[in-house]
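S.K.: One letter stands for each residue in the lines below.
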Amino acid sequence: MLGVAVTATTREIEREAQKLLAMLALGVGDAGTYPSAAGPRPRTAEAVRAAAAQLRDPRQRLLAELTAGAQPTAAPASAAPTAAAPGWADALRRTGWGPR
Amino acid sequence: MAQQPLYAGFDLGTTNSAVAVFDGQHTQVIRNAAGGAVTPSVVRIDRAGRVTVGQRARRFLEDDPDNTATEWKRLMGTGKAVAFPAAGVSKRPEELSAEILKALRADVADQLGTAVERAVISVPALFELPQSAATSEAARLAGFARVELLQEPIASALAAGWRADDDGTASWLVYDLGGGTFDASLLETRDGLLRVVAHDGDNFLGGRDFDWAITEHLAAELARQTGVQLERKDPSHAGALRLLRLAAEDAKIELSRSPTAQVTLARPLVVGDRELDVDLALSRATVEALTAPLIERSLAVCLRLLAGNGLGPGRLARVVLVGGPTLSPGLRAQVQARLEATAADGLDPMTLVAQGAALYAATAGLDGRAAPTAAPQGKKVWLQYPPVSSDLTPHVVGRVVGADPPARLRLERADGGWQSPDAAIGPDGGFVTMVSLVPRAASTFRLVATAADGAAIAVDPATITIVAGLTIADPPLSRTIGVALASDHVQVYFERGAPLPTRRSFTHTTVETIAAGNPDSVLRIPIVQGEFEQAHLCRLVGTLEVRGVDVKTTVPTGATVEVTIELDRAGCLAARAHVPAIDQVFEQVAHLLVPDAAPAALDAALADQRRHLMQVRTDAFRHGLRELIDKLGAVEGLLASAERDIDAAHGGDADAGQKARRTLIEIDAVLAEADLARSWPELDGEAHEAAIIATGAVAAFGSDAERKLLDEVLAALARARRERDLAELGRQLRLVRRLSSAAWNRNPDAWTYHLEDAASAIHEARDLPAARKLVDAGRVAVAAGDTDAVRRAVKQLWALLPVDAAARKKGFDSGVR
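Chains A and B, in that order, give the protein sequences.
For the record, in the first sequence the residue sitting at position 98 is 98 according to my numbering, with numbers rising by one throughout.
For the record, in the second sequence the residue sitting at position 629 is 1629 according to my numbering, with numbers rising by one throughout.
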C-alpha cells in the first residue's frame, strides 16, 4: 500500500504517506493504484491513512513485519474436507456464518 | 492582506472561552475588551433584545438569571432551546455559542485588524456526533467561512509539545478537567510526531460538579443553622441555589490561593417567606474532602486508560493539566501522586487549548485571513504540502493548471541556503519534489518555473511557507461507529482508533418494502456509536431515512442498499444510502440529536434498572460470583447519582437530565455485561469450540499469513479465558471467527453448505414458492459446479428469511441487514 520497505523508519513511512496523500489529492502520477500479489489494487486516501496509522502502532507494526513475507496467494492445495466430514456442516453456524 | 499568516484557535468552553493566534513563529492569547485572557461563556438578552456576552453578561447571572444563560455547552446537539423571557425569544445552544464566537472574533479583529474567516474550534474528545455538528453550526452562524473541529486534549498536547525540547519517545497524559467535561488522553511523541494512542473520559464530569458538591455542603450547613433545607428537585429553590452556587464557585477559586475563604452574599437568600443570611466559613481541607471522590472518579478513568494500553502509574513522562479546576493545589497534588508523574510547568491551563487549536490551524493550513481576491499573477499551481512538519525534508506535490505548463520547476529557500533540483513536470502537469527546512523555524520557498527553452514563467502562488515543528498524526476516532441491523447487531463501519478523515461503504438488504407514495412507509438505517456488538447498547447518533414519499417506485423487501458513511477530521458525520434498484440516493440524516431526557421517562428507566439490578444481584449471590457482586456495588452508586440528577431534572435542570440519561446508559451497559458474566461458562465453551473450528479451517484452507495470525489470536484468546476478561474474550472470539470465516470461504464447497443450511429453514421464508425455486436453482448450480450461481441463490434466500421482530425493535427499528 505505502510502497515502503519492511525496514522503513517511522519518518520514512510518514514521509511516503504524506507524498501519496498529496499525489492522490491532486491526481498526480500513478498514485491511484499499487502492485500486489493479486495484481494492481486501487489505492485511496482512506487506505493510505489507515496503513500509516497501523504502522505507527508498535504492536501492529510488528505484526505487519511478521506477515509481510507471507502475503496471501491463491487457495492452498490442502485437501478439503468432504461435506460429510463430521462437525463441518454445524461448524458454519457456530462460526457465525449464515443470515441470522 | 497581512504578510504573515494568521492561524486562529478558539476554545469554546462550558464556563469560559478563549482565542489564540499563531503567526508561524509565536502564539499569542488575544485579550478581550476587558483585558481578560478568557471570556465567560455567558449570554444575556435584555427586554429590548440586546445581546450581551462575556464578563458583562456574567454580572447579570445573580440579578437577572432568567435572561442570562450559561453552561449550555452540555446541551449542544440536544435541540433544547434556552428561553429569554424578557425579550420573548429562545435560542438554541448553537446560537448562544455563535454569540461567544462572534465576540471572540471581534476581539481578534480589534487587536490585529483581521477578520478571521477560517479557524479551528476545540471540542471535547468524547463529544457525540450531534454535539460536534452543533458546534460546526455555531461557527457557521458566527460568520466563519470554514472551520475545523479539534479534540481538546490534542490541542492541549500540541500546545504543551510545542514548548518541549525532547526528541525521543515518551508517553504523556493530558488530564483535561473543564467546566462540564473530563477528558483523559494518552499520547506518544516519537521523532517529532505526536500520536494520540487512546483516550477516555466522562462527558458529564467537570468543575460544575465540584461547584455542586460545595453548594450542597453549604446548603446542608445553612439547613443546620436555619432549619431550611434547599433542594435541587424543588423548582422554587432554584434561584437561591443558583446564588449559593455562584458563591461556592468564587470561594473555590479563592481557596486555590488561600487556606480558608468566607462565603457571604450581599443580600439574604429568599426562600418562600424566609430570608436567610449567608455567612459561612469554608476551608481548603473541606473542599478537598468534598471534591476528592470526583477527582478519584477522574483518576479511575486515567488509570483505566493507562491499564488498557499496558501502562501503569510511573510510566508517564509528563502530565499536562488543563482547565480551570486544575489550578487547585489539592487536585494537582492528588493527580501527580496517583499517576506518579510530574505535571508540566509553565503552562496556562486556562488558555492552553486555544493555543493548541491555533497551532493545529497551522498544521491544517487553515490561514484565518480572507482569501486574496486579486487576479492570479502567472500560471496557477495547485499545491499540497504540510504547513507544519516535524520531517525536515517533506514532499511538495503540485499540479500546474491549464495548457502549456512549464517544463521544469524548482523551489528555492528564501534565505538562499538551499534549492531543490529541477523537477520535471509530467504530462498531467504534476510534479513531486522534496524541500529542506531550517530546524525550528519557518522556511519560505520561491517557486521558480522555466519553459523548455529556459525562459522564466511566473506561477501563482509564487511562494510557500513551511514551519518546522511538532506535527500530529491523523486524529483517531474516539468511539466505534456502525449501522444497527434488524438483528440488533452492529455492522461496524469504523473501529475506535481509525484515523480521520475516513469513509466506508457496505451493502445491506432491506427487510421491509418501501411503498412508493406512502407517507407511513419509512425505511430506517440507524447509525450508532459504541463498543458493543448489540445495537441497543450503543448510542443512536443519527438515522438515515428512505421515505415512501421520496422513492420513485416501490422498493421490495430484499432490495440492495449501499450505505456510505464519511467522517471528517473532527468526527463529523455524513451518510448516504444508494438504492440501485431505483437509482436514487438519500442523504438526509434525521434525528441527529442527543435523545430527549424527559424526567418522567428517566423515572421509568431508573425503576426498570433497579428491578434489573435486583435480579442480577440475586443470581450473583446464588452462584457466588464475587467479582460480579463487586461490580454491582458500583452500579448502586451510579443509580444513586442518577436519582439525584433526575431530582434536579424535575426541578428544571435540563443539563442534570442529560447527565442522568448518560448515567442510565452506563448502568445499562454494566448490567448487560453482568448478564453476560452470568453466562461465562457458556461463552467460555463457545470460545473453546470456535478455537477448534478455526484451527481446522485455517489449517485446511488458510494462507500462511492467516496461520500466523491465528496463532497470535489464539494466544490472546487463551489469555482472556485465563484472566476471565469477558470483554477481551468477546473481542478475540470475533477475530477467531473472522479468520475462520476467511479461511473457510476458500472451501469450494462452502456455499453448498450455506445453501443446505438456508434450505433447512425455508418454511420460515416470507415467500415460500420463491424460496423453493431458489433452493432448486442453487442445487442445479451445485451439480453444475457453478459456485457464483450458488452464492447468488444463497444470498437471495437469506433475504427471504425473516428477522426477529423483537430484535429489530431493540435495534432501533432498523430496516436493513
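Warning: the hint list may mix true and false statements.
The calculated label-pair distances, taken between Cβ atoms and stated as ranges, are [stated by the list, open to error]:
(1) B/Glu1627 - A/Ala5: 41 to 49 Å
(2) B/Pro1313 - A/Ala64: 52 to 60 Å
(3) B/Gly1785 - A/Pro42: 27 to 35 Å
(4) B/Arg1724 - A/Asp30: 21 to 29 Å
(5) A/Asp30 - B/Arg1792: 33 to 41 Å
(6) A/Tyr34 - B/Val1089: 40 to 48 Å
(7) A/Tyr34 - B/Val1780: 37 to 45 Å
(8) A/Ala5 - B/Gly1035: 55 to 63 Å
To give an idea of the chain A side of the interface with chain B (calculated C-beta under 7 Å), a few residues [stated by the list, open to error]:
(9) Val4
(10) Thr7
(11) Leu26
(12) Arg41
(13) Arg49
Hints were generated in silico from the structure; no laboratory data involved.
Backbone N, C-alpha and C fix where the C-beta goes; we use that ideal spot for every residue, glycine too.
S.K.: Just to be sure I understand the hint, the distance between the Cβ atoms of aspartate 30 of chain A and arginine 1792 of chain B should be within 33 to 41 Å; is that true here?
M.R.: 35 Å, holds
S.K.: Restraint: arginine 41 of chain A near chain B, CB-CB cut 7 Å. Satisfied or not?
M.R.: 16 Å, violated
S.K.: Quick one: are proline 1313 of chain B and alanine 64 of chain A within 52 to 60 Å, going by C-beta?
M.R.: About 31 Å separates the Cβ atoms of proline 1313 of chain B and alanine 64 of chain A, which means 52 to 60 Å is violated.
S.K.: Take the C-beta atom of arginine 1724 of chain B and the C-beta atom of aspartate 30 of chain A, compute their distance, and say whether it sits inside 21 to 29 Å.
M.R.: 52 Å, violated
S.K.: Verify the CB-CB distance for glutamate 1627 of chain B and alanine 5 of chain A against the hinted window 41 to 49 Å.
M.R.: 47 Å, holds
S.K.: Is the hinted range of 55 to 63 Å satisfied by the C-beta distance from alanine 5 of chain A to glycine 1035 of chain B?
M.R.: Holds, since alanine 5 of chain A and glycine 1035 of chain B (Cβ atoms, about 56 Å apart) stay within the stated range.
S.K.: Is 27 to 35 Å respected by the C-beta to C-beta distance linking glycine 1785 of chain B and proline 42 of chain A?
M.R.: Given about 31 Å between the Cβ atoms, the range holds.
S.K.: A range of 40 to 48 Å was offered for this pair. Does it hold for the Cβ distance of tyrosine 34 of chain A and valine 1089 of chain B?
M.R.: Given a distance of about 57 Å, which is not inside 40 to 48 Å, the answer is violated.
S.K.: Would the hint on valine 4 of chain A stand, with a C-beta cut-off of 7 Å toward chain B?
M.R.: With a minimum Cβ separation of about 14 Å from chain B (threshold 7 Å), the hint on valine 4 of chain A is violated.
S.K.: Given leucine 26 of chain A as an interface hint, is the shortest Cβ-Cβ distance to chain B below 7 Å?
M.R.: For leucine 26 of chain A, the interface hint holds, since the closest Cβ of chain B sits about 4 Å away, which is under 7 Å.
S.K.: Using the C-beta atoms of tyrosine 34 of chain A and valine 1780 of chain B, is the stated range 37 to 45 Å upheld?
M.R.: Roughly 40 Å apart at Cβ, these two residues keep to the hinted range, so it holds.
S.K.: Take the shortest C-beta to C-beta distance between arginine 49 of chain A and chain B; is it under 7 Å?
M.R.: 4 Å, holds
The structure is inconsistent with the numbered hints 2, 4, 6, 9, 10, 12, although it conforms to all the rest.
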